[in-house]
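*Asks:* Using the sequences and the accompanying hints, generate a full structural model.
Chains as they are written, first to last, in my numbering: chain A, 1 to 115; chain B, 1 to 109.
One or more of the hints may lead you astray.
Stated by the list, open to error - Here are the simulated DSS-like cross-link-like pairs (lysine-lysine), alpha carbons at most 25 angstroms apart as the crow flies:
| hint | chain 1 | residue 1 | chain 2 | residue 2 |
| --- | --- | --- | --- | --- |
| 1 | A | LYS64 | A | LYS14 |
| 2 | B | LYS2 | A | LYS20 |
| 3 | A | LYS20 | A | LYS55 |
| 4 | B | LYS45 | A | LYS55 |
| 5 | A | LYS55 | A | LYS14 |
| 6 | A | LYS41 | B | LYS2 |
| 7 | A | LYS55 | B | LYS96 |
| 8 | A | LYS64 | B | LYS2 |
| 9 | B | LYS79 | A | LYS66 |
| 10 | A | LYS20 | B | LYS79 |
| 11 | B | LYS96 | B | LYS45 |
| 12 | B | LYS45 | B | LYS79 |
Claimed, not checked - With the Cβ distance kept under 10 angstroms, some of the chain A side facing chain B (calculated, not the full set):
| hint | residue |
| --- | --- |
| 13 | VAL3 |
| 14 | VAL11 |
| 15 | PHE34 |
| 16 | SER43 |
| 17 | LEU44 |
| 18 | SER54 |
| 19 | LYS55 |
| 20 | THR57 |
| 21 | SER83 |
| 22 | PHE91 |
| 23 | SER95 |
| 24 | LYS97 |
| 25 | PHE106 |
| 26 | GLN108 |
What the hints assert, rightly or not - If you want the ones that stay clear, here's a sample from chain A, every Cβ over 10 angstroms from chain B, calculated:
| hint | residue |
| --- | --- |
| 27 | VAL19 |
| 28 | LYS20 |
| 29 | GLN29 |
| 30 | TYR36 |
| 31 | GLU52 |
| 32 | GLY61 |
| 33 | LYS64 |
| 34 | PHE67 |
| 35 | ALA72 |
| 36 | SER73 |
| 37 | THR80 |
| 38 | THR82 |
| 39 | ASP88 |
| 40 | ILE93 |
The set of hints was computed from the structure by calculation and includes no laboratory data. Where is the CB? At the ideal position from N, CA and C, for every residue including glycine.
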Amino acid sequence: GAVVSQHPSWVICKSGTSVKIECRSLDFQATTMFWYRQFPKQSLMLMATSNEGSKATYEQGVEKDKFLINHASLTLSTLTVTSAHPEDSSFYICSAKPPYGGRAFFGQGTRLTVV
Amino acid sequence: RKEVEQDPGPFNVPEGATVAFNCTYSNSASQSFFWYRQDCRKEPKLLMSVYSSGNEDGRFTAQLNRASQYISLLIRDSKLSDSATYLCVVNDRDDKIIFGKGTRLHILP
Chain A
1 GAVVSQHPSW VICKSGTSVK IECRSLDFQA TTMFWYRQFP KQSLMLMATS
51 NEGSKATYEQ GVEKDKFLIN HASLTLSTLT VTSAHPEDSS FYICSAKPPY
101 GGRAFFGQGT RLTVV
Chain B
1 RKEVEQDPGP FNVPEGATVA FNCTYSNSAS QSFFWYRQDC RKEPKLLMSV
51 YSSGNEDGRF TAQLNRASQY ISLLIRDSKL SDSATYLCVV NDRDDKIIFG
101 KGTRLHILP
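*Replies:* Here you go:
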């Protein structure tokens with residue numbers, strides 16, 4: 001089946017630094033990818049929709065200048081958490097839908113810890 | 001009204017029992033529906049798709065009621081390994097994927 005690869009699976013960074021998370025669709029082209037965040041014991045919350053070749057669409061309450069999304073190719077979307085702070089520590093996960101429809105496929109997720 | 005609503009639980013169910021979850025969605029134009037399972041600190045994994053005609057996979061049965069805008073998941077003969085969080089997922093017309101908050105299930109030995 002279709003595979004979405006996310007990297008890194010975990011990262012620890014110092015407060016104030018930036019962290020980039022990659023999401024790749026390995027065997028299909030994804031014009032749209034989604035980025036989610038999940039805090040402990042809470043649900044997955046959609047942060048933004050990443051559109052290839054255009055600006056991402058952010059959900060209400062998500063700072064677009066803090067969470068930079070780049071969907072430069074049909075197989076790669078990146079999420080950069082800029083000037084990370086401890087409150088940004090969370091589980092970030094991406095998903096992508098194949099162009100032929102059906103269900104979305106998820107990356108493995110990235111556990112970010114900001115110290 | 002929230003886009004996708006689920007009872008958060010937890011549901012504490014003895015092994016071998018039958019348990020059912022419901023999920024309601026607000027957007028009548030939603031196009032596809034899924035149940036995902038998420039284990040602690042792991043990514044969600046597809047359990048099954050949900051169709052109006054119903055969908056059965058072994059001990060799991062999913063149903064969609066478009067008129068009432070809800071979907072259900074039934075687990076029969078529950079196993080200890082069924083303990084997880086079950087996420088209701090709705091795909092709207094714009095391909096946006098919306099998750100419910102999840103229902104936690106604990107199967108008790």
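*Asks:* Taking the numbered hints from earlier one at a time, note which ones the structure violates and give those numbers from smallest to largest.
*Replies:* Of the numbered hints given earlier, those the structure breaks are 2, 4, 5, 9, 10, 13, 14, 18, 19, 21, 30 and 40, listed in rising order.
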